[in-house]
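Residue strings, one per chain:
Number of protein chains: 2
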Amino acid sequence: MEYQVLTPALVAELETIVGPQHVLTAQRVEADVYADYGRDHTEDFHFAPDVVVRPANAEEVSAIVRLCYEHRIPVTPRGAGTGLSGGALPIHHGVLLSTERLNRILAIDERNLQATVEPGVVNEVFQNAVKEVGLFYPPDPASKGSCFLGGNLAHSSGGPKAVKYGTTRDYVLNLQVVLPTGDIIWTAANTLKNSTGYNLTQLMIGSEGTLGIITKVVFRLLPYPQHTILMLVPFRQEEQAAEAVSAVFRAGIIPSGMEFMEREAIAWSSDYLKIPLTLPEDILAHLLIELDGQDLEQLYKEAEQVYAVLEHYDVGEILLADNATQKDELWKIRRNIGNSVRYNSVYKEEDTVVPRAELPTLLKGVKAIGARYGFKSVCYGHAGDGNLHVNIIRGELTDEQWNVGLRQPISEIFELCVKLGGTISGEHGIGLVQKGYIGIALKETNLQLMRGIKQVFDPHGIMNPGKIF
Amino acid sequence: MEYQVLTPALVAELETIVGPQHVLTAQRVEADVYADYGRDHTEDFHFAPDVVVRPANAEEVSAIVRLCYEHRIPVTPRGAGTGLSGGALPIHHGVLLSTERLNRILAIDERNLQATVEPGVVNEVFQNAVKEVGLFYPPDPASKGSCFLGGNLAHSSGGPKAVKYGTTRDYVLNLQVVLPTGDIIWTAANTLKNSTGYNLTQLMIGSEGTLGIITKVVFRLLPYPQHTILMLVPFRQEEQAAEAVSAVFRAGIIPSGMEFMEREAIAWSSDYLKIPLTLPEDILAHLLIELDGQDLEQLYKEAEQVYAVLEHYDVGEILLADNATQKDELWKIRRNIGNSVRYNSVYKEEDTVVPRAELPTLLKGVKAIGARYGFKSVCYGHAGDGNLHVNIIRGELTDEQWNVGLRQPISEIFELCVKLGGTISGEHGIGLVQKGYIGIALKETNLQLMRGIKQVFDPHGIMNPGKIF
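Sequence lines, in order, name chains A and B.
Take UniProt numbering: the final residue in the first sequence is number 469, and no numbers are missing along the way.
Take UniProt numbering: the final residue in the second sequence is number 469, and no numbers are missing along the way.
Hints are computed from structural coordinates only; laboratory data are not their basis.
One or more hints might be untrue.
Quick list of in silico lysine to aspartate or glutamate cross-link-like pairs, EDC-like style, CA-CA up to 16 Å [what the hints assert, rightly or not]:
no.: 1; chain 1: B; residue 1: K301; chain 2: A; residue 2: E297
no.: 2; chain 1: A; residue 1: K301; chain 2: B; residue 2: E13
no.: 3; chain 1: B; residue 1: K443; chain 2: A; residue 2: E297
Partner residues are not named here, just some residues of chain B that face chain A (Cβ under 10 Å, in silico) [said to hold, decoys possible]:
no.: 4; residue: D109
no.: 5; residue: R111
no.: 6; residue: N194
no.: 7; residue: F469
Sample of chain B residues lacking proximity to chain A, with all beta carbon distances greater than 12 Å (derived) [claimed, not checked]:
no.: 8; residue: T7
no.: 9; residue: A308
no.: 10; residue: G405
Built from N, CA and C at the ideal position, the CB exists for glycine as well.
Construct the complete structure from the given sequences, taking the supplied hints into account.
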């Protein structure tokens with residue numbers, strides 16, 4: 001695609017749309033504030049936008065996009081910038097459209113167990129708001145304290161509870177979207193079921209901002225589960241931890257969390273948080289297993305069943321967290337693995353995913369590939385979903401090794417995923433950094449269909465260009 | 001679109017692909033057998049195909065479709081023909097592609113709680129097969145004893161259990177699809193999570209055979225719930241029955257079934273089945289409420305909570321079905337309402353759907369519209385989902401009244417749905433019969449996007465032409 005340059009006249013038009021104080025340029029704001037808009041949580045990438053625009057509502061988003069569409073200016077939508085695949089990086093410069101001011105919870109409909117929100121609401125803020133009226137919004141990425149719901153929609157984010165409750169896409173009934181032409185549509189209706197035409201809602205979710213900008217979301221909600229039980233289970237063999245995951249499900253239990261952490265993941269995170277944790281020498285991995293429900297007695301029964309399953313494995317002493325503080329600490333350790341890895345080193349995070357029972361094979365394969373190519377990885381993730389986050393640590397690798405040398409081993413990891421019935425991203429998206437590998441997961445015919453769909457929505461290719469394919 | 005005529009030379013080519021015994025024409029088979037291929041369960045429609053082709057595998061489907069693509073011959077995919085929107089009717093003649101021989105359960109993967117099946121497997125056959133190994137496939141349309149899984153995918157069919165477990169689309173991980181060009185793709189991977197490119201899986205589901213022919217499906221499964229409790233709750237006021245639905249959810253209970261039946265629905269069905277049922281004069285509607293789970297004691301606790309909610313309504317004596325025979329009879333009555341209505345009269349079935357709490361308003365509105373335009377309707381459906389099946393009875397209506405006169409009142413019913421945040425089909429699809437009303441639910445911009453997508457998949461417009469839009 002050929003893009004045009006953002007002229008001062010166009011910047012003036014943007015100012016008319018959103019007000020001058022919401023059009024930021026490198027000249028107008030402090031350097032580090034501006035620089036932050038050019039980064040997300042992906043490695044150490046930075047791309048400067050020509051201008052940052054902060055609209056307040058769908059009509060302003062529409063006017064901005066329409067202007068850019070007419071003048072062939074790239075538009076990169078951005079939420080909180082917590083993405084791990086570079087989806088929010090303005091690699092073709094142009095307009096960075098921040099959704100930070102689209103941050104209202106518009107309605108919580110207790111009669112219908114639904115809520116209507118804007119995309120700039122922080123995930124945890126929304127969770128807490130609905131919890132106050134006894135309702136439950138399950139998707140909870142590790143970054144829930146800062147990530148926006150809009151970013152969660154862009155990648156269909158999951159999080160620990162996905163194993164029982166599914167990912168973001170399972171809670172969306174209807175979306176208001178500003179198309180790349182500037183037109184505003186609603187994708188569906190506010191109903192639990194819908195068999196009226198093609199499913200544009202699910203097409204938008206996971207499309208990483210390449211098909212339009214979501215400006216309102218209608219979520220379905222559940223009754224809030226009143227009780228949880230949390231267990232930290234230490235394993236002497238990593239593969240046994242991965243194997244036990246399948247066994248729990250086969251016993252008829254669906255945990256609300258089933259997280260795998262190899263020794264270093266949990267050690268780095270507890271160090272980083274300064275939460276003391278005894279880790280016997282022979283423990284190589286942990287499972288963090290959560291059960292939830294409305295009836296505590298029932299949960300204890302289920303916990304006993306889990307214990308019975310675990311008896312068949314070589315486990316250490318199981319820690320049953322029985323108060324809120326202890327539970328919070330354990331979850332905090334789990335959630336901060338990513339941060340602790342980032343604190344230790346630049347890293348590349350691969351979001352591998354396979355059918356649940358193939359996890360031991362994947363883990364073994366990742367380690368073997370690492371050994372062969374001489375890199376270290378820290379692995380953890382949503383074992384119940386077969387979703388393993390492989391963090392490749394930069395450590396002492398040279399620029400050449402880091403930027404070029406890792407391509408082959410990463411390709412081999414992804415090829416292994418596909419061979420096992422899996423794919424290259426479970427919840428982080430393709431964005432910029434996995435783009436080069438998409439051919440491993442998808443055949444050319446699939447990509448042609450996707451490019452065709454992109455062309456239907458975005459004939460000028462202005463919306464988040466350079467992402468996915 | 002301009003279509004070509006199916007010449008004897010092309011019929012001969014089809015015979016080469018599938019074998020002569022699997023190419024049926026009006027001349028070769030008995031008239032009533034052939035006629036059946038031109039019908040489904042929608043009103044009394046009939047359209048004769050030029051030829052019925054019965055392939056045995058994806059490769060044969062591909063060869064048939066490729067031939068039709070090259071020669072611009074319409075292809076109408078057909079499952080069991082139990083559809084209620086005319087989706088399987090070959091209205092442009094050409095090839096009717098029956099999936100009846102694609103009827104194998106290829107694998108049940110107990111380690112991963114997954115199964116791979118062909119689209120011609122009967123829903124209930126599949127349910128029973130996975131139940132034998134302790135697994136659960138929840139979607140259960142009323143026609144589960146005869147409908148094919150492929151048809152369920154075409155419309156994302158629901159059924160009573162959708163209220164707790166979602167519809168067909170919530171159980172699909174991956175699809176093998178023969179595109180209208182004849183190319184064969186897999187849409188995704190066999191994983192619970194997938195954030196790798198646009199979601200072609202969900203785009204195919206509910207596309208009513210207009211984007212390709214599904215030839216294999218990978219479903220995710222759940223552990224089978226060991227116990228159920230079933231209650232039949234009689235109400236003296238129809239609207240109270242609809243109101244009670246929301247109240248049960250707000251009490252924190254998610255039933256595995258929450259069915260609404262107005263007096264006549266249950267009376268006609270029990271008469272049709274010759275199952276005696278006492279219906280006191282003052283009872284105007286029923287709710288059939290099912291709870292399921294792994295622990296019977298827990299279910300009784302939940303049942304008590306349901307009773308506590310129902311105390312606030314004017315209900316008759318609640319029937320608690322406590323043995324398998326009684327439960328089967330009650331479900332049989334619910335499932336046969338459609339058949340009993342069909343037995344009594346030709347009817348048009350409108351698959352209205354609204355947010356759950358708007359059901360009383362919808363029901364009242366439907367009856368008011370019926371009174372104003374002089375038609376009778378029998379209403380029942382999945383109240384937990386806000387999905388009300390409105391059966392408009394032909395009775396003594398003239399051809400003119402039936403074919404033309406009902407258009408305005410049906411439009412008014414659909415307009416009411418949309419006004420209440422709902423839409424015009426929850427699970428039956430648009431197909432042929434709701435096509436004229438789609439503009440009520442979807443804006444022209446939405447339809448343009450859908451037509452654009454159709455063009456990407458099917459540039460010659462051969463696949464199930466004349467459906468949806």
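Is the hinted pair K443 (chain B) and E297 (chain A) satisfied, with a Cα-Cα distance of at most 16 Å? Since the Cα atoms of K443 (chain B) and E297 (chain A) sit roughly 51 Å apart, the hinted pair is violated (cutoff 16 Å).
Hint D109 (chain B) vs chain A: min CB-CB distance below 10 Å? Holds. Min distance 8 Å.
Over 12 Å to the closest beta carbon of chain A is the bar; see if T7 (chain B) clears it. holds (29 Å)
Restraint status (C-alpha distance of K301 (chain A) to E13 (chain B) at most 16 Å): violated (63 Å)
Please verify that hint: R111 (chain B), Cβ, nearest Cβ of chain A, below 10 Å or not. holds (4 Å)
Regarding the assertion that A308 (chain B) does not contact chain A, is the least Cβ-Cβ distance greater than 12 Å? holds (14 Å)
G405 (chain B) and chain A, when compared Cβ to Cβ, separated by more than 12 Å: holds (24 Å)
Under 10 Å, Cβ to Cβ, is where N194 (chain B) needs to be relative to chain A, so tell me if that hint holds or is violated. holds (6 Å)
Taken at face value, is the distance from the CA of E297 (chain A) to the CA of K301 (chain B) at most 16 Å? This hinted pair holds, its Cα atoms lying about 12 Å apart.
Let me know if the C-beta of F469 (chain B) comes in closer than 10 Å to any C-beta of chain A, holds or violated. Holds. Min distance 7 Å.
Checked against the numbered hints above, the structure breaks hints 2 and 3 and satisfies the rest.
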